[in-house]
Amino acid sequence: MEDMILQVNHLSKSFGSHEVLRDIDFTVKKGDVTSIIGASGSGKSTLLRCINLLEIPTSGEILYHGKNVVAKGVNAPAYRSHVGMVFQSFNLFNNMTVLENCIVGQVKVLKRGREEAKAHAMQYLEKVGMTPYINAKPRQISGGQKQRVAIARALAMDPEVLLFDEPTSALDPEMVGEVLSVMRSLAQEGMTMLVVTHEMAFARDVSNHVVYMNGGVICEEGTPEELFGNPQKQETRDFLSRFRNN
Amino acid sequence: MEKITQLCADIVKLWSKYGGSYLTGMRNTLVLALIATAIGCVIGFICGILNTIPCTDRDPLPKRVLLRLIRIIVRVYVEVFRGTPMVLQAVFVYYGLPYFTDNAVKFTNIWVAAILVVSINTGAYMAESVRGGIISIDPGQTEGAKAIGMTHVQTMLHVILPQALRNIMPQIGNNFIINVKDTSVMFIIGFPDFFAAHRAAVGASYLYFPSATVEMAGYLCMTLIASFLLRWVEKKMDGSSNYELVQEDQLTMTAGTYNHPDKGTPFDEHSKEFRNRTEQELKFGRTRGDR
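In order, the protein sequences belong to chains Z and F.
Residue numbering for the first sequence follows my numbering, beginning at 4 and increasing consecutively.
Residue numbering for the second sequence follows my numbering, beginning at 489 and increasing consecutively.
Each computed DSS-like pair below joins lysine-lysine, with the alpha-carbon atoms no more than 30 Å apart:
{"#": "1", "chain 1": "Z", "residue 1": "75", "chain 2": "F", "residue 2": "551"}
{"#": "2", "chain 1": "Z", "residue 1": "130", "chain 2": "Z", "residue 2": "32"}
{"#": "3", "chain 1": "F", "residue 1": "491", "chain 2": "F", "residue 2": "505"}
{"#": "4", "chain 1": "F", "residue 1": "760", "chain 2": "Z", "residue 2": "130"}
{"#": "5", "chain 1": "F", "residue 1": "551", "chain 2": "Z", "residue 2": "70"}
{"#": "6", "chain 1": "Z", "residue 1": "33", "chain 2": "Z", "residue 2": "236"}
{"#": "7", "chain 1": "Z", "residue 1": "32", "chain 2": "Z", "residue 2": "236"}
{"#": "8", "chain 1": "Z", "residue 1": "33", "chain 2": "Z", "residue 2": "114"}
{"#": "9", "chain 1": "Z", "residue 1": "70", "chain 2": "Z", "residue 2": "32"}
{"#": "10", "chain 1": "Z", "residue 1": "130", "chain 2": "Z", "residue 2": "114"}
{"#": "11", "chain 1": "Z", "residue 1": "114", "chain 2": "F", "residue 2": "551"}
{"#": "12", "chain 1": "Z", "residue 1": "33", "chain 2": "Z", "residue 2": "130"}
Simulated from the structure, these hints should not be mistaken for laboratory data.
Make the full structure from the sequences, and use the hints.
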């Protein structure tokens, strides 16, 4: 089982008395592209934030290569540097240029030399097609471009798994395509990805595993063919039918 | 009209006699305000940063107790120095030290005493400004930094504080201008500032109103120049609103190593057509290919 990267066991999370996640179990293997779908408020984003320890789970464990990262005394920053995250609201550093955004983590966290970090950043910025904009500040570029830079920033850290928290939900419809095409090519290159998304076409065509969440629990999971082609549960069918109609 | 000419004549008379002491007073006021604001900012930043260290119930108990203690100390400091007049703080510190040590320790240098009092006073105000500056930064910035594995200190140093500093620049300017004016109360411990020059001049000449006019004009000049400079600094910090599109791959442009194999072909990236095409692509997207 050495290709197992993440294993989530009995994960629960409550905000006060409000229980957002209940007894979540799932695993991420190397090369997996997992899509998490579900209605708003079903706990998809909270699950992703728990995995990156931006939220601390109330109970349960998250095993990263067999080591529980939720336990007390775990070096959370070191763990996070192996698990990249792309946010719905981009969260690029506003005080830095596009290039600096992709360099700072490598230099400060991975202790790479500046030149090496720059070459590495340029490599990923080229992949997302942002090399012409390396001197721009985040406020000067469009939402789709920001998200592509955010992906390059996460990639530049050479993460083992990349988490996407609704990466296209804050974008205008015409910019969704450019971000999805970048994600699609990443998936083809074998990047391990965990994507919370409302883009059903992306979930169906790109991922090899789909998780449908409803009311804080995993309602149904399987391959895209199983889940989209032959959903077993009524909730899943209801949810998917809303997307089929349009 | 004749009153005005009278006033002008008096001012000329004052200036010819005490011009030098007015000017040194102005210099001392500016130097004191500048140094004290700078030190005050440092104190304010330290307090503001200490006050915003995150503390969760997952942290070990000693850390939580220590953080709680720090917050209480900073709180007391801010409330005491923000809540008492600076003129009294000056007297309290300047005469308090020899009082408690039976004259064994006292301020031999009036500058040290003045800078100390004005700095800690400014620090108390800045502590709250810095705290406000830090919490005004979108939490997404912190999350973005955390997500690439930065520690709290790195996040603060490289992401939050540079942005917070920009946001509190107007507050720093505010404090500097307040300090230029309010250091006038330092005459109480005998500091030779601009206002002390006025007291010396009128003590000898009895020209109260003309000297006050000089003071008013002088202080206004200093604060106007200060505001102007601060605006300029803020503009500098914002940087250019333009940016250059970089068409060439900078990494391969190192001098002497770059050859130009596509010269004369449609893919020559130095040719005008190629650049136009790239620009068009950036604007309107590619006509064929990846989209």
